[in-house]
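Colleague: Chain by chain, the residues run as shown.
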Amino acid sequence: MTRRTARLGLNRTGYLYVLPVLIVVVGIVYLGVAYNGYVSLLDWSGIGDGQVFIGLENYVDAFADPVLWTALGHVAVFAVITITVQMLLGLTMAILLSGGAWLRGVYKVVMFLPVVLSPAVISVSFRNLLSPDGAVNAALEAVGLGALTQPWLANPDTALFAIAAINIWAWTGFSFLLYQAALSQISQEHIEAAQLDGAGRFRTMWSVVVPQLSGTHATLVLIGIIGSLKTFELVYLTTGGGPGRSTEFLTTYIYKKAIEGFDAGYAAALSVILLVLSLALTVIQMRVNRTLKG
Amino acid sequence: MKFGNPRRRSAAAITALVAASVALAACTPADGGREADGPVTLDVWGWNPDEASAPGYFDKFEAENPDIKVNYRFIQASDYVNAVRLAATTADGPDVFGLQVGVFPEQFAPLTLDLTPYLEDELGSDWADKLNGSDQYNVDGKQVAAPWYMSSGGFMWVNMSVADELGLAVPTTLDELVAFNRAAEAIGKKGLVQGAKDGFANLDLFQIVANQVEPGYFYSALAGDEDFDSTEMIEALEAWQELFTSGAVQEGALGMTAYPDANDARITGQAAMIPFGSWQFRDATNARMAQYAETYGDEAIADTVFMPADFPLVVEGGTPGSLFGGPDVGWAVSAQSDAKDAAARLVNWLTSSETGLSVLSDALRPPALIGSSIDLSDVKTPEQAAAIEEFITRGESLVGPREVSNPDVKEALVTALSAVASGQLSPADAAAQIQSAIDAA
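Residue numbers (this note's numbering), protein chains in the order written: chain C, 1 to 294; chain H, 1 to 441.
Incorrect hints may have been included.
What the hints assert, rightly or not - With the Cβ distance kept under 8 Å, some of the chain C side facing chain H (calculated, not the full set):
id : residue
1  : Asp43
2  : Ile47
3  : Ser131
4  : Pro132
5  : Ala135
6  : Ala139
7  : Ala142
8  : Ala154
9  : Pro156
10 : Gly240
11 : Pro243
12 : Ser246
13 : Lys256
14 : Ile259
15 : Glu260
16 : Phe262
What the hints contain is simulated information worked out from the structure, not anything from laboratory work. For every residue, glycine included, the Cβ atom is placed at its ideal position computed from N, Cα and C.
Could you build the full structure based on these sequences and the hints that come with them?
Modeller: Structure, rendered in structure tokens:
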């Protein structure tokens with residue numbers, strides 16, 4: 001057997017190993033995306049026949065739809081708040097627990113536990129906690145901050161921020177986990193060298209540790225952006241996109257158009273826009289990261 | 001083929017495994033597989049009846065039709081449409097499924113069997129005159145579903161235990177309602193609860209208000225026969241907004257669902273009133289209250305008296321008491337069913353058989369079949385029975401249908417009502433937006 005023949009045999013075996021996953025990914029994901037793209041060119045309720053080809057009309061309508069831009073604005077605000085706060089809190093906790101903190105094992109579990117909870121459970125629970133008679137308002141009253149009590153999810157001025165707060169509670173543990181893993185890879189020698197040069201704790205963290213976590217920062221920003229664009233259950237089960245449109249996300253709008261509005265073509269067009277946006281932001285973010293590294 | 005080479009053996013094994021998986025997937029029998037001979041099994045999906053009530057219907061059907069078995073699948077209302085719209089396009093979906101009026105008959109028409117010949121066989125050529133609301137399930141001459149029972153909205157239910165605890169009469173005006181609510185809040189409870197997170201609940205309550213301004217105008221405006229951006233509807237939207245700013249509706253209503261949040265509150269005595277309609281008639285019966293007591297784990301609930309009462313007059317100089325509604329549930333047969341005749345038998349049994357109607361009657365659900373009566377023998381008090389009889393009589397003269405038939409108009413209405421209630425949109429702008437949606441429909 002020649003080296004080339006052996007290499008071909010190895011490749012053939014490799015393809016067979018990945019074949020089941022390929023069938024799933026191509027058959028379900030990519031074919032599904034392609035079919036969705038086709039449906040986006042139709043005027044169709046999504047049920048039965050009656051499909052009418054209308055070309056790019058759904059896209060023209062979408063870009064002229066004020067609700068689309070409102071929803072994207074909400075996603076942007078949500079993303080900025082949640083990504084920033086989750087990263088800050090996750091990094092802070094990871095740094096604090098990287099030392100010899102008492103019961104740090106318990107803290108780590110407590111930090112990560114919300115990550116494994118179902119979004120549906122979290123949403124329903126927080127809908128009760130954030131109600132006017134809920135535990136959050138009760139706690140505010142108990143500490144003398146009764147003036148701050150709100151119907152958090154029913155007030156259009158606070159609903160979006162309340163949803164962001166729920167997301168921060170649910171996902172900070174994930175940031176914490178990634179930072180904890182990254183911190184464990186930092187050489188202690190770099191930190192000792194900085195301290196020998198007279199750098200204080202904060203200066204050491206800011207100038208030595210944080211830059212070495214750039215890969216983790218980039219990963220969390222990327223995951224955060226995509227996660228924000230994909231967020232659905234949290235919004236749908238807490239506010240449903242309301243009051244009015246004050247917490248409408250692109251995902252909830254797509255659901256309403258497809259399921260409640262029986263406008264599968266338009267919903268498909270919105271889905272394609274969401275996909276393109278996700279890809280574009282991913283590419284931009286990766287290029288920015290590469291540039292910063294370079 | 002040589003199998004001496006380990007790589008060849010593993011490659012062959014993987015190939016065989018993948019091929020077997022694909023073959024098995026293709027050969028998996030569909031749910032609800034039917035025997036070539038023997039009983040027919042029907043898969044029936046619905047959000048109504050619920051899991052507890054379903055055996056009361058389908059067990060009796062099976063007893064009278066031993067050649068048909070029914071597999072009933074209860075699906076929560078919030079998930080129902082999405083589940084059925086996918087499944088009903090395949091042969092693996094339900095044979096019979098529940099269908100609400102409004103948006104759904106037209107959208108689901110392509111997936112259903114025309115029931116006209118089956119209804120003619122059962123009820124005669126004048127079947128459409130015998131089944132109340134059958135026109136709301138007729139799409140371009142095709143009878144998409146048969147109406148099961150009628151429901152009406154436009155009033156409210158009062159937990160008399162809470163009212164008695166407050167020592168207050170049921171409010172009949174906006175001022176009385178606000179005073180009642182404040183008194184309830186003073187003892188840690190709520191007066192009127194509205195599940196304003198849910199669009200359907202807001203549509204129901206708005207129809208009450210709009211009909212107080214001018215009975216029936218709302219439906220004419222939706223049909224395009226009157227203007228929606230008119231003084232009448234702007235006045236209705238102003239009155240609607242006032243409900244949320246005056247304290248007529250509880251704080252945080254926009255974050256509360258009708259089911260289960262608001263409903264749980266009034267059943268457990270945390271709230272006194274809720275603007276639900278005749279679909280809650282069963283709450284006046286001993287059997288239903290015993291069921292609630294078990295569900296909520298509080299025996300005291302079984303003694304609660306829920307009284308239907310007119311919604312307070314919240315529009316100055318308005319006309320209270322109009323009822324709106326129509327068929328609550330219709331039963332459709334899937335065009336994909338391979339047991340259409342059996343499925344149609346079930347639909348006819350549910351909607352017009354003596355036994356089927358008696359079960360509805362026991363549940364205090366006025367059947368769509370005209371001339372049917374309901375059994376009030378299990379109602380807790382004579383006062384409740386008298387009130388229910390009065391609302392049933394008034395329900396025979398409805399000012400309009402409860403459901404909106406165009407999805408875009410419905411979305412515009414639901415969004416506008418929420419936006420007006422939360423102060424994001426003025427009543428005039430809301431009326432204009434809804435008018436635009438009606439014009440575009």
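Colleague: State for each hint whether it applies.
Modeller: Hint-by-hint comparison with the structure:
1. Asp43: With a minimum Cβ separation of about 13 Å from chain H (threshold 8 Å), the hint on Asp43 (chain C) is violated.
2. Ile47: holds, 6 Å
3. Ser131: holds, 6 Å
4. Pro132: Holds - the Cβ of Pro132 (chain C) comes within 8 Å of chain H, reaching about 4 Å at its closest.
5. Ala135: violated, 14 Å
6. Ala139: With a closest approach of 16 Å, the Ala139 (chain C) hint is violated.
7. Ala142: violated, 16 Å
8. Ala154: Nearest chain H Cβ about 4 Å off; hint holds.
9. Pro156: holds, 5 Å
10. Gly240: Because about 6 Å separates Gly240 (chain C) from the closest Cβ in chain H, which is inside the 8 Å limit, the hint holds.
11. Pro243: Hint on Pro243 (chain C): holds, closest Cβ of chain H at ~4 Å, below 8 Å.
12. Ser246: holds, 7 Å
13. Lys256: holds, 7 Å
14. Ile259: Given a least distance of 5 Å, the restraint on Ile259 (chain C) holds.
15. Glu260: holds, 7 Å
16. Phe262: holds, 5 Å
When each numbered hint is compared with the structure, violations occur for hints 1, 5, 6, 7.
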